[in-house]
Amino acid sequence: MSSLADTSASPPIVARGLVARYGELVAVDGIDLEARAGTCLGLLGPNGAGKTTTIEILEGLRPPQGGEVSILGLSWQESARKIRHRIGVLLQQTDFQDRLQVRETLRLFRSFYDRGRDIDDVLALVGLQDKKGARVMTLSGGQKQRLAVGCALVSEPEVLFLDEPTSGLDPQARRRVWEIVEEFKAGGGTVLLTTHYMDEAEKLADDLIILDHGKVIATGSPSRIIRTLEAESIVEFTLAIDGEGPAPALEKDALRALDGVRDIHVLGEVYTLTVTDTRGVLSGLLSFLEERRILTEDIRTHRPTLEDVFVALTGKHLRDE
Amino acid sequence: MSSPLREIRELTRVRITLMLREPEAIFWMLIFPVILALILSLAFSGDRTQPSRVAVLAGEEGDELAAMLEADDGIELVRLSDESKAERKLLRGSYDAVVIPGEIPEVRYDPERPEGATAKLRVEAIWQKATSPTPLPEMRTETRKETGERYIDFFFPGLLGMNLMGTGVWGVGFAIVDTRRRKLLKRMMVTPMRRSSFLFSFLASRTVFMVIEVAVILGFGLLVFGVPFQGSALLFSLFCLLGTLSFTGLGLLLASRVKTIEGISGVANAALLPMWLLSGIFFSYERFPEVIHPVIRCLPLTAMNDALRAIMLDGTTMLELLPEVGILALWGAVTFLVAVRIFRWE
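Chains as they are written, first to last, in this note's numbering: chain A, 1 to 321; chain B, 1 to 346.
None of these hints come from the bench; they were simulated from the model. Hints may be right or wrong, so weigh each one.
[Unchecked claim] Using 20 Å as the maximum straight-line C-alpha spacing, the simulated DMTMM-like pairs for lysine to aspartate or glutamate come out as follows:
1. A:Lys215 with A:Glu34
2. B:Lys183 with A:Asp120
3. A:Lys132 with B:Glu106
4. B:Lys186 with A:Asp120
5. B:Lys259 with A:Glu164
6. B:Lys186 with A:Asp121
7. A:Lys144 with A:Asp120
8. B:Lys186 with A:Glu164
9. B:Lys183 with A:Asp95
10. B:Lys183 with B:Glu106
11. A:Lys132 with A:Asp121
12. B:Lys259 with A:Asp95
13. A:Lys144 with B:Glu64
14. B:Lys183 with A:Glu164
15. B:Lys129 with B:Asp178
[Said to hold, decoys possible] With beta-carbon atoms standing in for the labels, derived distance ranges:
16. A:Val26 with B:Arg181: 22 to 32 Å
17. A:Ala80 with B:Arg181: 23 to 33 Å
18. A:Thr138 with B:Ser3: 49 to 59 Å
[What the hints assert, rightly or not] Covered by chain B, according to a simulated footprint, are these stretches of chain A (three or more residues, beta-carbon under 8 Å):
19. 53-66
20. 98-104
Note that the Cβ used here is the ideal one computed from N, Cα and C, for glycine as well.
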């Protein structure tokens, strides 16, 4: 019945035309995606973009109202148990039992699978050997998250689903989670990742899908997506606010007319220019401001990032400040 | 397809481990019922060798009678002059009987209270002995009653039933809601774990704890209170298993859709409170109007208490307890089936 699930050579994760609604709200609006074997596909987008709904459909937690899903060439309707034996999942949030030890928690999850790793191997994989006898309630946030990753890896899965794997973790804890994921990928595993951190997407994802309001707004590798801006750099400046009321609005068209400016976005007092000639724009900008006697708090330039792509495409930031 | 035994074993082991690491749970499961039994056995002491507390309204005529009563070992006498005060204290249970002297003295007592009836008999006996030259031989029939008639003997099987129901419903209900609240249920749903294994692990762990609970509480009752155990231990065990089945099922059903701890507290209380009152734990449900007796008998706790009481006190056999077997088995089967149907995993 499902045409996607027929070929054994199909990519590990394929979805076509996914639709999910919560009452009136369309959370997922016709998403197509494909994760190639041994790579990481990232879903990047702000909160509420439909990332979690999409990944939960792929994990078999909720049926889509439209579209088809194939995991490892199998369909959820026909082979749910078979698929579950071969995937590992990290939900956005799971509180493991506080009074259970790390080892006991892993052993419980291991018992659900026919095949899988030794508990000691999993402990080594996620770096919790020293904590194996510790109760979950004594673990730090980063250790708890590594335990959650360990529970996803006990079965030695072929596909790993990670929903916001480093949300709320400190930088060091985030890097440790990333290392585990990269190791899994290096071993031939396929990863589907959702995140609203562009650094995480750039670090882990081989391919990216940028989502907004349940729709795909950009696809490709992170560097290719960034190249679509056709920018050498991003120039950003913030207007100075003196005591007398709001800063004057600049004429956007005059700015856009400067040599080397491709595009311009304004958020409050912050002006963001996408530029192809950084030096030319900077000197042009300085005289532009000089002529109009406009003061700025600062002027910054940086290489274009995914965040800039998102701003260019949607006019807003990934994270609402 | 692989065998589900391993995951059932692990799930059950985790349930038991978590329970043992919850000191409060152990208190409510094992210590609390024993304390309750001790307190109630003190309050409703059925020991009829204790002297009866009798008040005499002492006046001129009262003196002679008071002296007679005072001479008896079975009477602890108080002389009072205020009749209304004596009456008040009688109604409150401070006195077992109040004697009003006169040509023919009057004994006031509460026939509903065993102590009252005893006091009345004692006073009457003393009066007859003193007034009649040839005391009637049957006056000596009032003696301490045999075991099986004491309050603790009545109460004890009900205590066991109540405890098995309480720990079953609360233990299962809280554990499920807590697991759901932590999103662990959802997490398990993306593994190949069988849903039936998860539900069955509660029955298995409850059975383990039932054995411990019954051993501790029954052991205490037999050794400390000397409660009678007339019937078959095998039949008794069968009912403990049936009770565990139906109470675990009830816990699963009550927790099947609840998302918060506050929610399950309310739902469990609403389900358990009527049974605590109706099912004959602290007093016999015979006191309720006869028309609702059939309804009361259909409650799982009533069936459990009636059966345990009949086995312990009267040595009743399986054949006579078939209705109770049926009621408990039916409750177990129906609650499990409905719970599985409506269970919310997220």
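Right, here's what the structure says about each hint:
A C-alpha spacing of about 15 Å is found between Lys215 (chain A) and Glu34 (chain A), which places the hinted pair at or below 20 Å, so the restraint holds. At roughly 25 Å between alpha-carbon atoms, Lys183 (chain B) and Asp120 (chain A) are farther apart than 20 Å, so this suggested pair is violated. For the suggested pair Lys132 (chain A) and Glu106 (chain B), the alpha carbons sit about 79 Å apart, so the restraint of at most 20 Å is broken. Restraint check: the Cα-Cα separation between Lys186 (chain B) and Asp120 (chain A) comes to about 25 Å, which exceeds 20 Å; the hinted pair is violated.
Between Lys259 (chain B) and Glu164 (chain A), the direct Cα distance comes to roughly 24 Å. Violation of the 20 Å bound is thereby established for this hinted pair. The suggested pairing of Lys186 (chain B) with Asp121 (chain A) is violated, with an alpha-carbon distance near 25 Å, which exceeds 20 Å. Between Lys144 (chain A) and Asp120 (chain A) the CA atoms are separated by roughly 17 Å; this keeps the pair inside 20 Å, and the hint holds. With a C-alpha separation of about 16 Å, the suggested pairing of Lys186 (chain B) with Glu164 (chain A) holds against the 20 Å cut-off.
Proposed proximity of Lys183 (chain B) and Asp95 (chain A) is supported: the alpha carbons are some 7 Å apart, at most 20 Å. The hinted pair formed by Lys183 (chain B) and Glu106 (chain B) fails the criterion: a straight-line CA distance of about 71 Å is larger than 20 Å. The suggested pairing of Lys132 (chain A) with Asp121 (chain A) holds, with an alpha-carbon distance near 12 Å, which does not exceed 20 Å. At roughly 15 Å between alpha-carbon atoms, Lys259 (chain B) and Asp95 (chain A) fall within 20 Å of each other, so this suggested pair holds.
The straight-line distance between the Cα atoms of Lys144 (chain A) and Glu64 (chain B) is roughly 84 Å, outside the 20 Å bound, and the hint therefore fails. For the proposed pair Lys183 (chain B) and Glu164 (chain A), the alpha carbon gap of about 15 Å is at most 20 Å, so the pair holds. Proposed proximity of Lys129 (chain B) and Asp178 (chain B) is contradicted: the alpha carbons are some 69 Å apart, above 20 Å. The hint said 22 to 32 Å for the Cβ distance between Val26 (chain A) and Arg181 (chain B), and at roughly 29 Å that hint holds.
For Ala80 (chain A) paired with Arg181 (chain B), a C-beta distance near 25 Å keeps the hint of 23 to 33 Å intact. Checked against the hint of 49 to 59 Å, the C-beta distance between Thr138 (chain A) and Ser3 (chain B) comes to roughly 34 Å, which is inconsistent with it. With 3 residues having a Cβ less than 8 Å from any Cβ of chain B, the segment 53-66 of chain A passes the three-residue criterion, so the hint holds. With a cut-off of 8 Å between beta carbons, the segment 98-104 of chain A has 3 residues touching chain B; three or more are needed, and the interface restraint holds.
Of the numbered hints given earlier, the model fails hints 2, 3, 4, 5, 6, 10, 13, 15 and 18; all others are met.
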